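In case you want the letters, here they are:
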Amino acid sequence: MLYLVPSSFQAGEGTVSRNQYVDSVPSSMITSMNGNTPAVPGNNWAIEVENMSFRWPEGSPALEAIRLRIAAGESVAVVGPNGAGKTTLFLCLAGVLVPQQGQIRVAGFDPRDPMQRRRMPEKLGLVFADSDDQLIHWTVADDVAFGPLNLGLPEAEVRRRVDKALRAVGLEQARDRVPFHLSSGEKKRAALAGVLAMEPEILLLDEPTIHLDPRGRRDLIAVLNRLQVTRLIASHDLEFQLQVCQRVLLLDQGRIVADGPIREILSDAELMEAHGLEVPHSLTHPHPHVPISSSQPEPPRL
Amino acid sequence: MTLTLRDWATGNSPLHRMDSRWKLAAILTVAVAIVLADNWRIPVLACVSTGLWLRYAGLPWNWIGSRLGSLAAFLALLVTVLPFSVPGPGWTFGPIHFSFRGMELAALIAARAVTVSGLALLLLATTPLDRLLRGLVALRVPGLAVQLLSMSLRYVYLLGDEFFRVRLALRSRGYRHQFSAHSYRTTANVVGSLVVRSQERAERVAQAMLCRGFTGKWRWLPGQRARLSDTILASMVVCTVWLVPWFLSALCFGN
Numbered sequence: 189m190l191y192l193v194p195s196s197f198q199a200g201e202g203t204v205s206r207n208q209y210v211d212s213v214p215s216s217m218i219t220s221m222n223g224n225t226p227a228v229p230g231n232n233w234a235i236e237v238e239n240m241s242f243r244w245p246e247g248s249p250a251l252e253a254i255r256l257r258i259a260a261g262e263s264v265a266v267v268g269p270n271g272a273g274k275t276t277l278f279l280c281l282a283g284v285l286v287p288q289q290g291q292i293r294v295a296g297f298d299p300r301d302p303m304q305r306r307r308m309p310e311k312l313g314l315v316f317a318d319s320d321d322q323l324i325h326w327t328v329a330d331d332v333a334f335g336p337l338n339l340g341l342p343e344a345e346v347r348r349r350v351d352k353a354l355r356a357v358g359l360e361q362a363r364d365r366v367p368f369h370l371s372s373g374e375k376k377r378a379a380l381a382g383v384l385a386m387e388p389e390i391l392l393l394d395e396p397t398i399h400l401d402p403r404g405r406r407d408l409i410a411v412l413n414r415l416q417v418t419r420l421i422a423s424h425d426l427e428f429q430l431q432v433c434q435r436v437l438l439l440d441q442g443r444i445v446a447d448g449p450i451r452e453i454l455s456d457a458e459l460m461e462a463h464g465l466e467v468p469h470s471l472t473h474p475h476p477h478v479p480i481s482s483s484q485p486e487p488p489r490l
Numbered sequence: 269m270t271l272t273l274r275d276w277a278t279g280n281s282p283l284h285r286m287d288s289r290w291k292l293a294a295i296l297t298v299a300v301a302i303v304l305a306d307n308w309r310i311p312v313l314a315c316v317s318t319g320l321w322l323r324y325a326g327l328p329w330n331w332i333g334s335r336l337g338s339l340a341a342f343l344a345l346l347v348t349v350l351p352f353s354v355p356g357p358g359w360t361f362g363p364i365h366f367s368f369r370g371m372e373l374a375a376l377i378a379a380r381a382v383t384v385s386g387l388a389l390l391l392l393a394t395t396p397l398d399r400l401l402r403g404l405v406a407l408r409v410p411g412l413a414v415q416l417l418s419m420s421l422r423y424v425y426l427l428g429d430e431f432f433r434v435r436l437a438l439r440s441r442g443y444r445h446q447f448s449a450h451s452y453r454t455t456a457n458v459v460g461s462l463v464v465r466s467q468e469r470a471e472r473v474a475q476a477m478l479c480r481g482f483t484g485k486w487r488w489l490p491g492q493r494a495r496l497s498d499t500i501l502a503s504m505v506v507c508t509v510w511l512v513p514w515f516l517s518a519l520c521f522g523n
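From first to last, the protein sequence lines are chains Y and S. Under the working numbering, the first residue of the first sequence is numbered 189, with each subsequent residue one higher. Under the working numbering, the first residue of the second sequence is numbered 269, with each subsequent residue one higher.
Quick caveat, the hints were computed from the structure, so don't treat them as lab data. Nothing here was measured: the structure is a model prediction, and the numbers come from that model. A couple of the hints might just be wrong.
Stretches of chain Y that chain S covers, calculated by requiring three or more beta carbons in the stretch to come under 8 Å of a beta carbon on chain S [what the hints assert, rightly or not]:
hint: 1; segment: 268-277
hint: 2; segment: 313-326
hint: 3; segment: 438-449
Partial list, computed: chain S residues near chain Y (C-beta under 10 Å) [stated by the list, open to error]:
hint: 4; residue: Trp-308
hint: 5; residue: Leu-397
hint: 6; residue: Leu-400
hint: 7; residue: Gly-442
hint: 8; residue: Tyr-443
hint: 9; residue: Val-473
hint: 10; residue: Leu-478
hint: 11; residue: Arg-480
hint: 12; residue: Phe-482
hint: 13; residue: Leu-489
A short list of chain Y residues far from chain S (calculated; beta carbon distances all over 12 Å) [to be verified]:
hint: 14; residue: Pro-249
hint: 15; residue: Ala-282
hint: 16; residue: Gln-289
hint: 17; residue: Gly-340
hint: 18; residue: Glu-343
hint: 19; residue: Arg-347
hint: 20; residue: Ala-356
hint: 21; residue: Asp-364
hint: 22; residue: Val-366
hint: 23; residue: Glu-374
hint: 24; residue: Gly-382
hint: 25; residue: Val-383
hint: 26; residue: Met-386
hint: 27; residue: Arg-406
hint: 28; residue: Leu-415
hint: 29; residue: Val-467
Backbone N, C-alpha and C fix where the C-beta goes; we use that ideal spot for every residue, glycine too.
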């Protein structure tokens with residue numbers, strides 16, 4: 189169920205769009221509305237952000253008055269046009285960028301506090317859009333071990349985590365290969381393994397399907413659906429988002445303009461159009477399709 | 269772009285299997301000794317031994333030749349000029365004087381250069397880079413230096429790939445390099461864009477490292493364990509490339 193935002197509850201200033209969905213109910217009820225995640229009483233939020241704003245050094249705003257709460261175990265899609273602030277939001281949550289304003293709690297840590305920020309990699313993993321930014325070592329196994337070694341874990345535990353992470357992404361056979369000789373899909377999985385080896389409670393994935401062929405994409409969906417962690421996934425691939433997320437945050441110009449169950453928000457053609465997106469094909473008409481060999485042409489449906 | 273050295277580094281000779289710490293220690297010791305040798309016979313004999321080790325590692329001659337080719341071009345100039353420019357006893361043909369001392373000097377310099385380059389090839393072509401870097405760390409090379417080496421090598425290929433993509437894009441739009449202001453401007457723009465891209469990538473790489481808990485100290489999983497055979501092989505490298513040439517030189521020529 190979706191709720192129109194009362195103007196007094198708006199995140200930031202600006203005109204209230206007719207389609208602007210944000211929960212206007214008590215925070216403890218938010219997740220109960222968002223698909224499969226049960227209501228979580230009290231302070232059991234994996235991510236809590238209140239009125240967060242970030243401006244680039246030259247002064248242009250990137251995020252404005254962001255407010256969101258994500259329960260442990262939730263899988264949340266972050267969608268929006270280019271330049272909406274999806275990556276910036278992730279970098280702020282990971283403590284890489286420090287917002288000028290607002291309150292943030294990520295897995296109980298405040299990323300704005302340098303001491304707490306240093307401990308955040310134990311709890312939060314960020315997979316970057318370009319895997320080459322993340323794969324810095326000369327073998328896949330060394331790269332996957334990079335994070336656990338930084339956590340100061342003993343050798344046996346690091347090796348156990350490396351094996352487990354490589355198994356989780358199906359790259360056991362590639363452990364001694366040079367990361368940049370891998371295919372794009374394998375690179376993406378190696379980068380994901382590097383983060384999974386740190387056994388984070390929260391996983392942020394920035395454009396995980398970029399450069400992936402259909403098989404790589406399918407493998408990634410299978411890997412993600414097996415993971416039992418809180419996930420935020422930023423992607424333009426809305427069909428992919430539909431398969432791995434129950435809730436969606438729609439960002440545009442640094443603001444959250446909609447937050448709710450993914451199927452309902454992504455099927456709102458007017459909302460999607462207004463923010464530079466399109467309704468995913470699978471939500472435009474009932475499936476499965478009529479076979480192409482059928483003598484009866486499929487009637488157009490919307 | 270591929271790592272051509274890496275292609276050979278995955279071979280299966282005893283040198284490929286050798287512990288990188290022992291290999292590094294042996295090759296560096298021998299290389300320093302060869303550079304310090306002042307008798308031309310020692311590096312010449314060492315050069316022959318190095319060639320045999322390269323062959324023993326299963327590296328093809330034509331590959332070794334192509335790798336040492338550019339060095340040979342420079343050395344050829346040196347070998348041609350030195351005998352005629354250094355004074356000392358020798359043969360005189362009219363205005364031209366051929367000096368034995370110059371010839372020895374040329375042989376010393378050329379043999380030193382070829383031997384040390386051959387040893388470097390032997391090291392790089394038989395050791396995967398991850399093991400080489402681990403070896404450097406184990407031999408107490410400063411972590412920052414190893415980190416810089418690793419990251420530079422890692423990303424120089426990526427930058428090279430980006431350069432080739434930009435070049436292809438230019439060619440696809442009809443660009444051909446000529447000696448003109450337009451060409452120089454285009455080249456400057458390409459170089460500028462590559463510098464900006466590398467800086468942006470460096471920032472993203474740093475962010476990704478911070479997100480994985482990097483605090484400035486480069487950590488590695490322990491690699492190979494040294495065996496007795498590694499020690500024996502390292503000793504054999506030192507003996508054949510340095511001690512035997514030195515002994516033969518002393519025995520046969522008295523110096």
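Hint by hint, here is what the structure shows:
Interface restraint, the segment 268-277 of chain Y with chain S: violated (0 residues with C-beta to C-beta distance below 8 Å; minimum three). Residues of the segment 313-326 of chain Y with a Cβ under 8 Å from some Cβ of chain S number 10, which satisfies the need for three, so the listed coverage holds. By the rule of at least three residues with a Cβ nearer than 8 Å to a Cβ of chain S, the coverage given for the segment 438-449 of chain Y is violated, with 0 such residues. At a threshold of 10 Å, the smallest CB-CB gap from S:Trp-308 to chain Y is about 39 Å, leaving the interface hint violated.
The criterion of a C-beta within 10 Å of any C-beta in chain Y is met by S:Leu-397, whose closest approach is roughly 5 Å, and the hint holds. The closest approach between the C-beta of S:Leu-400 and any C-beta of chain Y is roughly 9 Å, which is under the 10 Å cut-off, so the hint is satisfied. At its closest, the beta carbon of S:Gly-442 sits 28 Å from a beta carbon of chain Y; the interface hint therefore is violated under the 10 Å criterion. This hint is violated: S:Tyr-443 has a C-beta 26 Å from the nearest C-beta of chain Y, more than the 10 Å allowed.
With a least beta-carbon distance of about 5 Å to chain Y, the hint placing S:Val-473 at the interface is held under the 10 Å criterion. About 6 Å separates the beta-carbon of S:Leu-478 from the nearest beta-carbon of chain Y, less than 10 Å, and the hint is met. Checking S:Arg-480 against chain Y: minimum C-beta separation of about 4 Å stays under 10 Å; hint holds. Nearest Cβ of chain Y to the Cβ of S:Phe-482: about 5 Å, under the 10 Å cut. The hint holds.
Nearest Cβ of chain Y to the Cβ of S:Leu-489: about 5 Å, under the 10 Å cut. The hint holds. Distance to chain S confirms Y:Pro-249 as a non-interface residue, since its nearest Cβ pair spans about 20 Å, more than 12 Å. Non-interface status of Y:Ala-282 relative to chain S is broken: a Cβ of that chain comes within 12 Å, the nearest being about 5 Å off. With 12 Å as the threshold on Cβ separation, the claim that Y:Gln-289 sits away from chain S holds: the shortest Cβ distance comes to roughly 21 Å.
The Cβ of Y:Gly-340 sits about 9 Å from the closest Cβ of chain S, inside the 12 Å cut-off, so the non-interface label is violated. Its beta-carbon lying about 6 Å from the closest one in chain S, Y:Glu-343 breaks the requirement of being farther than 12 Å from that chain. In this structure Y:Arg-347 is not separated from chain S by more than 12 Å, as the shortest Cβ-Cβ distance comes to only about 7 Å. Against chain S, the non-interface label of Y:Ala-356 holds: every CB pair exceeds 12 Å, the least being about 17 Å.
The non-interface label for Y:Asp-364 is inconsistent with chain S: the shortest C-beta to C-beta separation is roughly 8 Å, within 12 Å. Some Cβ of chain S comes within 12 Å of the Cβ of Y:Val-366; the nearest lies about 6 Å off, and the non-interface call is violated. Chain S leaves Y:Glu-374 outside its interface by the beta-carbon criterion, the shortest separation being 16 Å against a cut-off of 12 Å. A Cβ of chain S approaches the Cβ of Y:Gly-382 within 12 Å, the least distance being about 7 Å, so the stated non-interface status is violated.
The claim that Y:Val-383 is not at the interface with chain S is violated, since a C-beta of that chain comes within 12 Å of its own (minimum 7 Å). With a closest Cβ-Cβ approach of about 7 Å to chain S, Y:Met-386 is found to fall inside the 12 Å limit, against its non-interface label. Listed as a non-interface residue, Y:Arg-406 keeps its Cβ farther than 12 Å from every Cβ of chain S; the least gap is roughly 25 Å. The claim that Y:Leu-415 lies off the interface holds: its Cβ sits roughly 18 Å from the closest Cβ of chain S, which is beyond the 12 Å cut-off.
With 12 Å as the threshold on Cβ separation, the claim that Y:Val-467 sits away from chain S holds: the shortest Cβ distance comes to roughly 32 Å.
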